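**Q** The lines below spell out each chain.
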Amino acid sequence: MHSILAVDDSTSMRQMVSFTLRNAGFSVVEAIDGLDAWEKTLMQDFNLVLTDQNMPRLDGIGLTRRLRETERYAAIPILILTTESSDQMKQAGRAAGATGWLVKPFDPVRLIEVIHKVIR
Amino acid sequence: MNDIRSDPSRTDTGAAAGLDLSQFHQVFYEEAGENIDNMEQMLLHIDLAEASDEDLNAIFRCAHSVKGGAATFGFADVAELTHQMETLLDRLRRHELAPTPAMVDVLLQSGDALRAMLARHQSGQGGPVDTQALLQDIRSITQPGHEDGSRGSTPALPAGPGSAPAPASVPAPTIVAQASTESVPDGSRRLRLTLGPLQDPSRAQDVVDLFREIGGLGTITALPQAQDDDRLHRYELVTSSSDDELVDLFGFHVSREEIRLEPATPINVPTNAPIHAPTAALAPAAAPAAASAPQPAPAPPAVSLDAPDGSYGLFAGAPGAPQATPQATPHGPEAVTTAVAPHSSPGAEAGAAVPARTAAPARADRAPATPGSDATTLRVSVDKVDQLINLVGELVITQAMLAQTGKALDLAQHPQLASGLADLERNTRDLQEAVMSIRMIPMSVVFNRFPRMLRDLATRLGKKVELVQVGEATELDKGLVEKITDPLTHLVRNACDHGIEPPDERQARGKPEHGTLTLVASHQGGSIIIEVRDDGRGLNRGKLLSKARERGLSAPDSLSDSEVWGLIFEPGFSTAEAVTDVSGRGVGMDVVKRNITALGGTVEIESLQGHGMTVRVRLPLTLAIMDGMSVGVGAECYIMPLASVVESSQVRPQMIRTIGGASRLVEVRGEYMPVIELEEVFDVPRGDRERGTPIMVVVEAEGLRAALLVDEVLGQQQVVVKNLESNYRKVPDVSGATIMGDGRVALILDVVSLVRRSRH
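Residue numbers (this note's numbering), protein chains in the order written: chain H, 1 to 120; chain Y, 1001 to 1760.
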């Protein structure tokens, strides 16, 4: 079973994302912000990271940048799922090494599709 | 299945997938409420002159988070308002706007409106909340009609570095070659910029730097040098700015004659090729994906074909992306097609030279699905906690009974029973403390409502008030917190309305224009002390006395100050000359006092005319369990709160003196205090019991002492307080009852009332 790290500081959003992912047959670990996620990636390997952008302590782009610096996560898909839709932020996400930029509110079907496209 | 985002009236984005989102609504309501509360607190504390990036970001995140949830769960009205708030907050955190009190006002009002909307959604009742005016207000602040003006003035910005909008936090528009695969944002145009011929090539770089330095203009991408003239520099711009604005901007570094702007055409610039991937190309990619993974229940594979933008939000050539584009060509539609071409099966690695990882899925199986990894806190309904407390209360009683029974046995014969009883006692006490601590919540929960209230109040009254909070981390039983909130609100309101003077009056008296209202919470023994202090007018002794006489109260001049101040607690007493809509006419100081007394607390006032006043509320920490001292009188047993006991000792009859007929006094360490004979107070039948040497227990209440005469001191123990009023009726000098270890009912003495009685 593929495992996904779902990162969001909003509990409701995190629960819903996790619910969607579990429903689609993934194993999900949740993290409450970038730093929490970073710590969890040190303890466990994931096949994909799905993260919010705006979070306290460490945001999604910051998390992406950090993960990309590690060998283990250099090529793992990292999707940023956010309400942030400005082109600037997208480009910043891209520059940080994100695999994709998905805009909330998300459509569960589409989210799963995107994940299937990239997860290995 | 088409673009769901574009349809704000949708109620549930997940409905299409057959997901029931309502299960997340409750969490969303709570979370949104917390975010709104947090935002309000931060807004109230923000220093407008020096708002830190951290604060602005944190406030932004609150609105952002609510918006994200609202949009996802289909609360379109909430999402719309938070979107506007977010837009404003975003400009604030980017320093494109400077925070003003008007912004704080409108954001606070928005918070109120959000609460109302959420309450409506949650209860399913009430009409829609009208936010048109609010939305308009925010828009007019965010875009105060000088959209063009601000753009037009940008060329002047570099002249004064200090005045430039600090774009530090804004990621510079990236000039990545792949930018061409991104769609052009709404309202933007794709332009071709030619600079030159330039004598100094570094000027071109200056223009690029300037374009990037001014946040929000768009992206600039260098194109290959023209072959005919190497003094010509070509760029591609994606921007929403007008030609004139751009020429004005670039004119700062190069002359206008050297600038040429033209729409980029597909013929000249391959990047203008269709941005959207042809939908047909997606089909082969979708199929292997669906086959290679566990079938997601709600995802019929066919629907992916009509994906509206085709991009799936994936960056071409990005790490982790499924396509292999090792030498991602700077431009060219082929990059887009490769992204979804059939040969890039899910198994193929991206161009990045990182070996595929195989260990992960195996390990992943062990990954526990942890629901809510923020398990550091747990939301539990108060009912459950109360049930727990009741059970612990019963357990305490049972334990006391067992201990009592154990005493009757020769425990030396039963060492195991003895140690079992000792363990039981210790564990019961620990358990009780632990359970009680669940109910303890910090005073800040009460205090936090005051900044907002005071702000509104002061504005309405035309006063300037600063609020200082001390000891807001002090914890208090939840039940008490709820009950103390209203009386405290009253006190704060009174202090602002009647205590603190208008700014001109304060200045005339040589006081600072801003009045200060201080809220202090602290622990003192078994009590919590809450003080409401203001540096306003203070009470006027003469005025209070004459008012009291007007109302037919007995108010001789001989009354002490504290007795005079106490007059304001008399029903219907008012010190305000004019009725205001804020606190009305001396509203409810009597009610305040009654409420606090009912909680087993006391209120006292200190005041200095012209300098302010302090109202001090003293409350027991908890209502449910109390440390008590049990005493025996005749065949009866009474409990007095340990916190009010000062000392106890044997008393010889000759130590007690009778003064002026009935009053009896005893001297203890040089202090005379009234003697209270419990036997008389409660009319305890003596029967044939011989009275031995009485014991006096010195108790203190409201700063006054008295000596209670009892037959014997039985011991100290925790007692579970049972309300006598609700189980029987109010009894003078008794604050409650408890069940003793031996099953007897003992009355808990109301020491305050006993001491007070003895003093009159």
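It cannot be assumed that every hint is accurate.
[What the hints assert, rightly or not] Have a look at the derived ranges for each label pair, beta carbon to beta carbon:
| id | chain 1 | residue 1 | chain 2 | residue 2 | range |
| --- | --- | --- | --- | --- | --- |
| 1 | Y | Ala1598 | H | Glu39 | 44 to 54 angstroms |
| 2 | Y | Arg1541 | H | Arg57 | 36 to 46 angstroms |
| 3 | H | Arg57 | Y | Pro1442 | 18 to 28 angstroms |
[Claimed, not checked] To list a few chain Y residues with every Cβ distance to chain H over 10 angstroms, as calculated:
| id | residue |
| --- | --- |
| 4 | Val1027 |
| 5 | Glu1031 |
| 6 | Ser1188 |
| 7 | Val1238 |
| 8 | Arg1460 |
| 9 | Pro1732 |
| 10 | Ser1753 |
Honestly, the hints are just simulated from the structure, not real lab data. Quantities reported herein were computed from a predicted structural model and do not represent experimental measurements. All C-beta atoms, glycine included, are put in the ideal place defined by N, C-alpha and C.
**Q** State for each hint whether it applies.
**A** Hint check:
no.	hint	result
1	Y/Ala1598 - H/Glu39: 44 to 54 angstroms	holds (50 angstroms)
2	Y/Arg1541 - H/Arg57: 36 to 46 angstroms	violated (56 angstroms)
3	H/Arg57 - Y/Pro1442: 18 to 28 angstroms	holds (23 angstroms)
4	Val1027	violated (4 angstroms)
5	Glu1031	violated (5 angstroms)
6	Ser1188	violated (8 angstroms)
7	Val1238	violated (8 angstroms)
8	Arg1460	holds (35 angstroms)
9	Pro1732	holds (51 angstroms)
10	Ser1753	holds (49 angstroms)
When held up to the earlier numbered hints, the structure conflicts with 2, 4, 5, 6 and 7 and fits the remainder.
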